[in-house]
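All chains, please: the whole structure from these sequences, using the hints.
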Amino acid sequence: MNKRGFASDNFSGVLPEVMNALQEANQGHVMAYGGDPYTDSAINKFKHLLGNNIDVYFAFNGTGANVIGLSTLSQSYHSIICPSSAHIQVDECGAPDKFTGCKVIPIDTPDGKLSPKLILPQLHGFGFEHHSQPKIISITQCTELGTIYQPEEIKAICDLAHQHNMYVHMDGARLANAVVSLGVDVKEITANAGVDVLSFGGTKNGMMLGEAVIFFNPELSKEAKYIRKQSMQLCSKMRYIGAQFDAMLSNDLWLKTARHTNKMAKLLETEVAKIPQVKITQKVEANGIWAIIPKDKIENLQNEYFFWIWDENAGEVRWLCSFDTTEEDIHSFVELLQKELAN
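Numbering (the UniProt record's numbering), first residue to last: 1 to 343.
Everything labelled a hint here was simulated from the structure, so no lab data went into it.
Keep in mind that a hint or two might mislead.
Unchecked claim - Keeping only pairs whose Cα atoms sit at most 30 Å apart, straight-line, the calculated DSBU-like set for lysine-lysine is:
{"hint": "1", "residue 1": "Lys-225", "residue 2": "Lys-187"}
{"hint": "2", "residue 1": "Lys-3", "residue 2": "Lys-225"}
{"hint": "3", "residue 1": "Lys-45", "residue 2": "Lys-225"}
{"hint": "4", "residue 1": "Lys-266", "residue 2": "Lys-283"}
{"hint": "5", "residue 1": "Lys-45", "residue 2": "Lys-187"}
Stated by the list, open to error - Ranges between beta-carbon positions, derived for each pair:
{"hint": "6", "residue 1": "Asp-311", "residue 2": "Leu-209", "range": "25 to 33 Å"}
{"hint": "7", "residue 1": "Thr-270", "residue 2": "Lys-229", "range": "43 to 51 Å"}
{"hint": "8", "residue 1": "Lys-339", "residue 2": "Tyr-77", "range": "53 to 61 Å"}
{"hint": "9", "residue 1": "Asn-10", "residue 2": "Asp-111", "range": "17 to 25 Å"}
{"hint": "10", "residue 1": "Leu-209", "residue 2": "Asp-185", "range": "23 to 31 Å"}
Here the structure is a predicted model, which means the values were calculated and not measured.
The C-beta atom is built at its ideal place from N, Cα and C for all residues, glycine as well.
In structure tokens form, the structure reads like this:
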């Protein structure tokens, strides 16, 4: 299956700049476990981007990054509040529950976004020994439905959390797409908004593997290195993750890549919106489109341009664009879509 489909930005290959960085790092011997110049350079770039007072821990994947961040800020008697569509709730096979021991409390949302109004009913039982203690609010930027929190929305959630001696975790697997969509400095939706720990995505934005866990207050991350090791996320040859991030954070590559994927999604939105049988269900704010199409047409379309079904009962599908999606891919897919829906 070599044709570029619209299933996931995980289906794409590796950015040429990242592959070149891996080749360059693949020379000679360097210290293991992060004591290498590539990791050091990448961490310095993160500090330039997000502030000098941060702690950075590299992990293999997004689930591992989320587990490290959540485990470091919690005890097993705590609870974690998240949207019912959150990756930590739906797509991580219970890893956050297992490794943190926490009760995960999902909240239904119409657009994947939490708000103080939705969160407040869960903020009770503080100090009551029979009740799991609310400790972390986890949000995703961009959300699992492709929507984006505005800076003031994130700040409102962080203010609410901190008023109750709680923390805010952000799953930023597609953070780059949110930054370019909003046109803001990344600090405006992370550090300056009050986020405590961030999973900074790399894989979905063109890396081979690797995510970064960012703590905005080093006082909170004193145990993180032990938790990373116990979580089996400490990479011995860390230079290969460090070199990738070093390339991504050079010359704003991470933003250029996301800007392209967002642009392709907007083009796809424009074209499919012309087709009466297609109903777009969410705002197209990043690199994905959620749409309802006739159920009996899905399989034929998937055979040509693979994509995932989001809600089988409703006939809702998800189309995601990647760094290597082209305008030709969009137009060819839309042509096929028009042909199938006309029959």
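Comparing the hints with the structure gives:
This hinted pair checks out: Lys-225 and Lys-187 have alpha carbons roughly 24 Å apart, not beyond 30 Å. Taken as a hint, the Lys-3 and Lys-225 pair is broken in the structure, with Cα atoms around 41 Å apart against an allowance of 30 Å. Using a Cα cut-off of 30 Å, the hinted pair Lys-45 and Lys-225 holds, with the two alpha carbons roughly 20 Å apart. Pair hint Lys-266 plus Lys-283 holds up; C-alpha atoms about 10 Å apart against a cutoff of 30 Å.
Of the pairs offered as hints, the one joining Lys-45 and Lys-187 holds, with about 14 Å between alpha carbons and a cut-off of 30 Å not exceeded. Separation of Asp-311 from Leu-209 is about 30 Å and conforms to the stated range, judged on CB atoms against 25 to 33 Å. Taking 43 to 51 Å as the suggested C-beta distance range, the pair Thr-270 and Lys-229 conforms, at roughly 48 Å. For Lys-339 and Tyr-77, the hinted distance range of 53 to 61 Å is satisfied, since their beta carbons lie about 57 Å from each other.
At about 23 Å, the CB distance of Asn-10 to Asp-111 agrees with the hint of 17 to 25 Å. The supplied range of 23 to 31 Å is met by Leu-209 and Asp-185, whose beta-carbon atoms lie about 27 Å from each other.
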